[in-house]
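Given next are the chains, with one letter for each unit.
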Amino acid sequence: NAGVTQTPKFQVLKTGQSMTLQCAQDMNHNSMYWYRQDPGMGLRLIYYSASEGTTDKGEVPNGYNVSRLNKREFSLRLESAAPSQTSVYFCASSGGVSPDTQYFGPGTRLTVL
Amino acid sequence: QQPVQSPQAVILREGEDAVINCSSSKALYSVHWYRQKHGEAPVFLMILLKGGEQKGHDKISASFNEKKQQSSLYLTASQLSYSGTYFCGTSAWDSNYQLIWGAGTKLIIKP
Chain C
1 NAGVTQTPKF QVLKTGQSMT LQCAQDMNHN SMYWYRQDPG MGLRLIYYSA
51 SEGTTDKGEV PNGYNVSRLN KREFSLRLES AAPSQTSVYF CASSGGVSPD
101 TQYFGPGTRL TVL
Chain S
1 QQPVQSPQAV ILREGEDAVI NCSSSKALYS VHWYRQKHGE APVFLMILLK
51 GGEQKGHDKI SASFNEKKQQ SSLYLTASQL SYSGTYFCGT SAWDSNYQLI
101 WGAGTKLIIK P
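Residue numbers (the numbering used here), protein chains in the order written: chain C, 1 to 113; chain S, 1 to 111.
In case anyone wonders, no lab produced these hints; they're calculated from the structure. Heads up, some of the hints might be wrong.
As the list claims (entries may be wrong) - Pairs of lysine-lysine residues, derived as DSSO-like cross-links and limited to a Cα-Cα distance of at most 30 Å, are as follows:
hint	chain 1	residue 1	chain 2	residue 2
1	S	Lys-55	S	Lys-26
2	C	Lys-71	C	Lys-9
3	S	Lys-106	S	Lys-68
4	S	Lys-106	S	Lys-59
5	C	Lys-14	C	Lys-57
6	S	Lys-37	S	Lys-26
7	S	Lys-59	S	Lys-37
8	C	Lys-9	S	Lys-106
9	S	Lys-110	S	Lys-55
10	S	Lys-26	S	Lys-59
11	S	Lys-37	C	Lys-71
12	C	Lys-9	S	Lys-37
13	S	Lys-59	S	Lys-110
14	S	Lys-37	C	Lys-57
15	S	Lys-26	C	Lys-57
As the list claims (entries may be wrong) - Cβ-to-Cβ under 10 Å is the rule here; a few derived chain C residues that face chain S:
hint	residue
16	Gly-40
17	Leu-45
18	Asp-56
19	Gly-58
No residue lacks a Cβ here, since even glycine has one placed at the ideal position from N, Cα and C.
Full structure from sequences and hints, please.
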């Protein structure tokens, strides 16, 4: 039982490049989330998916797109990376829509030059 | 609107107590507490769902004052393993239950 897994763990991009961050959970959870964490600012919600087939914008969605591929997988895409997107990205899942307990993946550390 | 956590940082000796506060300007439905160690993912501690509810987890407990729109996390007889950054996440009645997170309180425990 791996919980929530994320790939890659580290990534360096040049401005304008694109990439997809992958997230998968094996807990049969309905809801999945993408957060970014910047120093001194806590976690900010980018997008979430309350159930398979649905996605909604969070607090900071600009510059990102998501896909809920199936119940297990939720990917985050940066179409044209910018230095302001340098951050640590966490994927999380929960059994239902908040306020259920959220379980976090190990994070992806992204640097955009 | 982001909840306000206080203090921003605290340094304790092993065995001392600490209180971390989380205040919101919105009427809250729930408060979640997590701990994050450096370079790791946040780990769930507890959820408080009802006004006035108190929960305990070993020597870590929390209270939720719905009227004051705030929660407090109590760490008793702190251990070295308690070091890390503590975050509160709040959900409001009008926010579709999305969690809004505080900026965190860094706790350093010295032997």
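Structure-based check of all given hints:
1. S:Lys-55 <-> S:Lys-26: This hinted pair holds, its Cα atoms lying about 22 Å apart.
2. C:Lys-71 <-> C:Lys-9: Holds. C:Lys-71 to C:Lys-9 sits at ~22 Å (cutoff 30 Å).
3. S:Lys-106 <-> S:Lys-68: OK: S:Lys-106 and S:Lys-68 at ~24 Å, within 30 Å.
4. S:Lys-106 <-> S:Lys-59: holds, 18 Å
5. C:Lys-14 <-> C:Lys-57: holds, 26 Å
6. S:Lys-37 <-> S:Lys-26: Given that 30 Å is the threshold and the Cα spacing comes to 28 Å, the pair holds.
7. S:Lys-59 <-> S:Lys-37: Distance of about 18 Å is within 30 Å: holds.
8. C:Lys-9 <-> S:Lys-106: Given that 30 Å is the threshold and the Cα spacing comes to 24 Å, the pair holds.
9. S:Lys-110 <-> S:Lys-55: holds, 26 Å
10. S:Lys-26 <-> S:Lys-59: Status holds; Cα separation ~29 Å.
11. S:Lys-37 <-> C:Lys-71: It holds: about 29 Å lies between the C-alpha atoms, which stays within 30 Å.
12. C:Lys-9 <-> S:Lys-37: Holds. C:Lys-9 to S:Lys-37 sits at ~17 Å (cutoff 30 Å).
13. S:Lys-59 <-> S:Lys-110: holds, 17 Å
14. S:Lys-37 <-> C:Lys-57: holds, 28 Å
15. S:Lys-26 <-> C:Lys-57: Holds, at roughly 20 Å.
16. Gly-40: holds, 6 Å
17. Leu-45: holds, 6 Å
18. Asp-56: Check passed: Cβ of C:Asp-56 comes within 8 Å of chain S, closer than 10 Å.
19. Gly-58: It holds, given that the least Cβ distance between C:Gly-58 and chain S is near 6 Å, below 10 Å.
Checked against the numbered hints above, the structure violates none of them.
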